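K.L.:
Positions -19 to -1, 1 to 250 (mature numbering (1 follows the signal peptide of the UniProt record, and there is no 0)) are the ones given, in order, by the sequence shown.
In case anyone wonders, no lab produced these hints; they're calculated from the structure.
Wrong hints could be hidden among the right ones.
[Said to hold, decoys possible] Dumping the calculated SDA-like pairs for lysine to any residue here, alpha-carbon to alpha-carbon at most 25 angstroms:
#1 Lys26 to Lys63
#2 Lys250 to Thr223
#3 Lys238 to Gln10
#4 Lys212 to Trp117
#5 Lys37 to Lys159
#6 Lys51 to Leu27
#7 Lys206 to Thr160
#8 Lys212 to Asp109
#9 Lys37 to Lys70
#10 Lys29 to Val53
#11 Lys70 to Asp109
#12 Lys206 to Val172
Computed from a predicted structure; not experimentally measured.
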Amino acid sequence: MKQMMMVMGCMMASGAVFAAPQVIHQNLQPGGFYVARVAPDSTVKLGKDSIVVGPKGEIVVGFDRNAALKQVLTVCGGQNCKETVLNLKPRTYVTQNVTKVPQGTVTPDPVQEKRVAEDNVATKAARDKAEAGARWRDGFTQDWILPITAPTSGVFGSRRTYNGTERSWHRGHDLAAKTGTPIKAPADGIVRLARDTFMSGNLVMLDHGGAVTSVYAHMSEMDVKVGDEVKAGDVIGKVGTTGRSSGPHLHWGMYWKNIPIDPILWVRK
């Protein structure tokens, strides 16, 4: 009898490990994400990519703009694994033509190109530091709020032309507002970057844990510095039109690892 109880206990433990992940928040489409909870001692992969598991079993994955519509999440305990298929909804993208931006930000000269390269190195270093963060953060599990309440002026994934010249697709969501409008952190995090950049103007990056970062560009003022801890609703800066911008607005971007994802999808309707 005792032996049978031990076997049943092992089966129950095994069942707990290999139960389907418990979804916390998800938006299954290209540019979307999947936040869930698994057994804390699990190993998790999305396709071939290893996923960090938090101390309470929290996991998060993001899907890029052109992600395959079938994604396979594999959760393992020991040598036993369970697959969960994530079916993404198809998504289409528009073309946006932006005019009246400083021409130097469209066709930068060699000096400006050098500065852009330096900005890119600093931004990637900050994002890499967030991914390798020694302290676990769970801001990505929260109910996110809008950084400002304002009309949409640009959407994630759109093909972009600037002053008639085609450039890379748009890696964020734009909200048009008056210069000086306070910008709030949409979730808890730590400031990984606060930098005056050539293309993005005054740029702040927040680390929310799980390799999830958010960025706030074209600000007139940055009210935080690297290392500051912020809570959802804290003011981190003010709307402006610095960098490659045609007028006052907030460019709000998000990344999972180095993959751009759509920030507006994180705000529950």
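K.L.:
Does each hint fit the structure? Answer for all of them.
P.N.:
Hints, one by one, checked against the model:
no.	hint	result
1	Lys26 to Lys63	holds (11 angstroms)
2	Lys250 to Thr223	violated (30 angstroms)
3	Lys238 to Gln10	holds (17 angstroms)
4	Lys212 to Trp117	holds (15 angstroms)
5	Lys37 to Lys159	violated (41 angstroms)
6	Lys51 to Leu27	holds (11 angstroms)
7	Lys206 to Thr160	holds (20 angstroms)
8	Lys212 to Asp109	holds (22 angstroms)
9	Lys37 to Lys70	violated (29 angstroms)
10	Lys29 to Val53	holds (9 angstroms)
11	Lys70 to Asp109	violated (29 angstroms)
12	Lys206 to Val172	holds (7 angstroms)
In this structure, the earlier hints numbered 2, 5, 9, 11 are contradicted, and the remaining ones agree with it.
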